[in-house]
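**Q** Chain residues, written in single-letter form:
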Amino acid sequence: MNWRTVRAIAGKDLLEVRKNRLAIWSILGLSFILSVGMPLLIGLLPFDVGPSGGDLGPFEALMTLLPPALQGLPDGARMVVLMLGYFLAPLFLIIPLMVAAIIGAESFVGEKERHTLEGLLYTPATDLELYAGKVLAGAVPSVLAAYLNFTAYAIVVNLVSAHIVGGIWFPTVTALALAVWVGPAVALLGVSASVLVSTRVETFLEANQLTGLLSLVIVGLMVGQGSGLLLLSLPVLLLVGLVIYAVDLVLIRLGAAVFSRDRLMARA
Amino acid sequence: MTQPAILAEGLEKRFGALVAVDRCSFVVNEGEVFGFLGPNGAGKTSTMRMIACVSPKTGGRLEVFGLDVNERPREIKAMIGVVSQENNLDPDLSVYDNLVVFARFFELDRAEAARRADELIEFFGLGEKRDTVIEVLSGGMKRRLTIARALINRPRLVILDEPTTGLDPQARALIWERLRTLRDRGSTILLSTHYLEEAERFCDRLVIMDNGKILIEGRPDEIVSSRMGRAVIETVDDPAVLACLAREGIAYERFGDLVHITTNSPEPLIQRLVSSCNPSRLSVRNATLEDVFLRLTGRGLKD
Numbered sequence: 001m002n003w004r005t006v007r008a009i010a011g012k013d014l015l016e017v018r019k020n021r022l023a024i025w026s027i028l029g030l031s032f033i034l035s036v037g038m039p040l041l042i043g044l045l046p047f048d049v050g051p052s053g054g055d056l057g058p059f060e061a062l063m064t065l066l067p068p069a070l071q072g073l074p075d076g077a078r079m080v081v082l083m084l085g086y087f088l089a090p091l092f093l094i095i096p097l098m099v100a101a102i103i104g105a106e107s108f109v110g111e112k113e114r115h116t117l118e119g120l121l122y123t124p125a126t127d128l129e130l131y132a133g134k135v136l137a138g139a140v141p142s143v144l145a146a147y148l149n150f151t152a153y154a155i156v157v158n159l160v161s162a163h164i165v166g167g168i169w170f171p172t173v174t175a176l177a178l179a180v181w182v183g184p185a186v187a188l189l190g191v192s193a194s195v196l197v198s199t200r201v202e203t204f205l206e207a208n209q210l211t212g213l214l215s216l217v218i219v220g221l222m223v224g225q226g227s228g229l230l231l232l233s234l235p236v237l238l239l240v241g242l243v244i245y246a247v248d249l250v251l252i253r254l255g256a257a258v259f260s261r262d263r264l265m266a267r268a
Numbered sequence: 269m270t271q272p273a274i275l276a277e278g279l280e281k282r283f284g285a286l287v288a289v290d291r292c293s294f295v296v297n298e299g300e301v302f303g304f305l306g307p308n309g310a311g312k313t314s315t316m317r318m319i320a321c322v323s324p325k326t327g328g329r330l331e332v333f334g335l336d337v338n339e340r341p342r343e344i345k346a347m348i349g350v351v352s353q354e355n356n357l358d359p360d361l362s363v364y365d366n367l368v369v370f371a372r373f374f375e376l377d378r379a380e381a382a383r384r385a386d387e388l389i390e391f392f393g394l395g396e397k398r399d400t401v402i403e404v405l406s407g408g409m410k411r412r413l414t415i416a417r418a419l420i421n422r423p424r425l426v427i428l429d430e431p432t433t434g435l436d437p438q439a440r441a442l443i444w445e446r447l448r449t450l451r452d453r454g455s456t457i458l459l460s461t462h463y464l465e466e467a468e469r470f471c472d473r474l475v476i477m478d479n480g481k482i483l484i485e486g487r488p489d490e491i492v493s494s495r496m497g498r499a500v501i502e503t504v505d506d507p508a509v510l511a512c513l514a515r516e517g518i519a520y521e522r523f524g525d526l527v528h529i530t531t532n533s534p535e536p537l538i539q540r541l542v543s544s545c546n547p548s549r550l551s552v553r554n555a556t557l558e559d560v561f562l563r564l565t566g567r568g569l570k571d
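Sequence order for the protein chains is W and A. This note's numbering applies: residue 1 is where the first sequence begins, and numbers increase by one. This note's numbering applies: residue 269 is where the second sequence begins, and numbers increase by one.
Hints may be right or wrong, so weigh each one.
Sample of chain A residues facing chain W (criterion: CB under 8 Å; computed from the structure) [said to hold, decoys possible]:
no.: 1; residue: 320
no.: 2; residue: 352
no.: 3; residue: 360
These aren't lab readings, by the way, just hints derived from the structure by calculation. Note that CB positions come from ideal geometry on N, CA and C, so glycine has one too.
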């Protein structure tokens, strides 16, 4: 595989993404809401930061799962930690998934709809290089988006809660694992699934609708957090990441194996 | 003996039960302008796509510069430039970006890509539109840019599928002028077109295709003179005229409401027709490839 060609294909797609203002503003808007607006809203809620011992209802059991260093905080502060550090944290994964889905879904079927695919197929790029270029074009910005959003989220969380918790406390180890390990895995899942879908469907709309189902992964993670399954559980998070990476690998290999320019040309 | 640019022997392309290209054989020599003529569905585009290595042949032999299209597509693609029927330019990118981005697929470094892009922008008279996005360009400009893009890798073989279809006469003339310059520089050009008069003027040799088969191959003037003679006399399809022609032993063909009489010596035949048959209308013109196609298939190229 010629990586120069792969980079050229990815570079072309990234150039087109940069020119797509609607996509850029959608991503920026959602990023702002999830990574800045939501933590800001939670942080500004009037939590009671008095001494511990109040009735926390269904959250009581979850509170006991917090790290020892945070156990001694007042109930209100622990509530803020629980909300910002655990319940909302997986939300930032929606951003890389969305970026990946937009770029990936557009990759082949979008080119076909814009009648630009044929020109690409006339270049010396092999099927594998074409496919790898498209995956790379989706993976780079989505992983970047994952890290940038997590950084923004971490800054806002600390800004709004440091005075309540008693200092800079975020990211926690699990949140860091979520960002560094699970984030790229989810981004790659979005890319590998959406590029694969993009080679098989007839319209961008169809591809977008199918890749929208990927948000169920995030819903699953949030349910996991809410139920306490993933809470404070680094091994579980590492395992989840590993499983998602394995699925990514299978999808990329499957996509590259079934990708056929002859089939695409016949439908073009 | 020099190696041909393209060698096809018994070339075949099937899409399931449909035979798009049916055991076609032809040779295109390096430096030659070779034309594919035929109506829609004749097999021209399928043949060109096989030569361009984007659609695998399903039978026969096809080599480009001595390389098999199914086995060595990468090397072949690096040596050819393809202009397809549609302007498949990136609509969101500028004229310049379209060329530079495409150049990168041929492993040209940034500086060389930029240099060639500017050179081609100049050659195709797009200097004023260098930084304009594609969407706002006229059809003729888009077509020129599509051709320019196909030349970014300085191809030994340029494949043009209907390069001037849908353009106004002025835009067509400009494109043919640039293609003529390419031809004079020694590029091998393979093209398909509906404009027969342009094909006659521009092509060194051509084939006429129909239903996936090559009906005839040769130099345009030779094809016309061998199949039609020098001139075509046209008259009305009138029973009295037909009876007269039969009586006089003059061979004719009926196409719609016209009767065609082909000949190498039109003047004496016209005198004979006027004196013997007295048709209500009579005209004479040079025989063309269109006439050859009519004779071979019984219908026009644009039908």
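**Q** With reference to the structure, classify each hint as holding or not holding.
**A** Comparing the hints with the structure gives:
no.: 1; hint: 320; in the structure: holds (6 Å)
no.: 2; hint: 352; in the structure: holds (5 Å)
no.: 3; hint: 360; in the structure: holds (4 Å)
Taken one by one, the earlier hints all hold for this structure without exception.
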